[in-house]
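2 protein chains.
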Amino acid sequence: MQVEEAAGILAKGGMVVIYDGDEREGEADLCFHAASASPERIQRLRKDAGGLICLALDGKTAKKFGLPFYTDILAASRHPIAKMECKKAAYGDRPAFSIPVNHKKVYTGITDIDRSLTIKKISELIEADPRDIRRRFVDEFYSPGHVFLLIGRGIENRHGHTELTLELAKQAGLVGTMVLCEMLGPGKALAKSSAREYAEKNGFAFLEGKQLWPK
Amino acid sequence: MQVEEAAGILAKGGMVVIYDGDEREGEADLCFHAASASPERIQRLRKDAGGLICLALDGKTAKKFGLPFYTDILAASRHPIAKMECKKAAYGDRPAFSIPVNHKKVYTGITDIDRSLTIKKISELIEADPRDIRRRFVDEFYSPGHVFLLIGRGIENRHGHTELTLELAKQAGLVGTMVLCEMLGPGKALAKSSAREYAEKNGFAFLEGKQLWPK
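Sequence lines, in order, name chains A and B. If you're matching positions, the first sequence starts at 1 in my numbering and goes up one per residue. If you're matching positions, the second sequence starts at 1 in my numbering and goes up one per residue.
Calculated directly from the structure, the hints in this document are not laboratory data. Everything numeric in this text was worked out from a predicted model, so none of it was measured. Among the hints, erroneous ones may be present.
Given that identical chains are not distinguished, each listed pair holds provided it fits within a single copy or across any two copies.
Derived DSBU-like pairs: lysine-lysine, alpha-carbon spacing no greater than 35 Å straight-line [unchecked claim]: (1) K87 with K60; (2) K63 with K210; (3) K87 with K12; (4) K105 with K210; (5) K201 with K83; (6) K201 with K87; (7) K201 with K63; (8) K192 with K105; (9) K215 with K83; (10) K192 with K104; (11) K104 with K215; (12) K210 with K104; (13) K192 with K120; (14) K201 with K188; (15) K201 with K64; (16) K12 with K64; (17) K87 with K64; (18) K87 with K104; (19) K170 with K188.
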């Protein structure tokens, strides 16, 4: 499938499977745009994908929210465990994690309804007056929560699922907020061929990471 | 089922479903002792339960590891988002979250094999010379990772799944390290009756939180 076709599917609210590459994690993530979040979709991520359900924000959006990387918070704490900071994972990259959050209106935060609500509320806040975003983010959400925020470093700097999904959103003309979840198989990451079959069977787009790398 | 019977099942490496109570989260967690972790069991948690896969340590063990609460790290960072600190969730308790970790030998950290490895390695480290634990924990693990550490506040102080599962471990004569995951149904937490049926069908123990409260 071509990137243009996948971007079209995403823009219409569809789901996309992106396999990063054999040289990196060797993993496919199931993703959709944050504005299309629903409890049914969160259920699909946990049942069909099985990894961690994350919400990726591009650098510009993260800045509007005043969001730091998790490792910045860990380092700034000056606690002895700050030394545990992950500088580089086994596949070669710095982690994309920011902080985990819940919207204050959730109950436990982990249910499909609650995770969908947290994601929708962040998605809505992006459309607010930019001068209000930081204050409202701090007022209306709390941490720790059950939606793991990720910050994209830009596809020119990193080829992780965070950047790949955000690049696809950009090419689809969407705001840079994507929900993603690792697709797992028994024991290991779901094989590329199985991820592709899953996408075809369900009418979802399928892309490989290198299709989204800068030319 | 009586607590003694459930403790016996846990001590033999079996799995237990614990429903906290209608007055609290109204949620059942699927759990087992950390020493019994395996990739097959992690797969079962993500497929059958669907929540966040966490590793709870009792207060004494967390102290040996030098583990802080996540909220302590957030507060100590003095970052503007420190104000997002969750003091009390909707069901009335302070969160039990510490930091998320991976063992340095994992690849991505999220696969069944990797999450099982991280849990087994923490479980093994508890048995090490107490004078080495803090140094080895910082040396051999990194954060952020994909296993969410929780710290128990003791069943006399909090009635969350963290404390309930650790209390059962204690009554089973096991070290205070339990793997747990929220059982989810479509949209909401899995109903108590469905959680009980699931436990019965699979030969797992089923308990209600109040059975583990202090007399």
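Out of the numbered hints, which ones does the structure contradict? 3, 5, 6, 7, 9, 15
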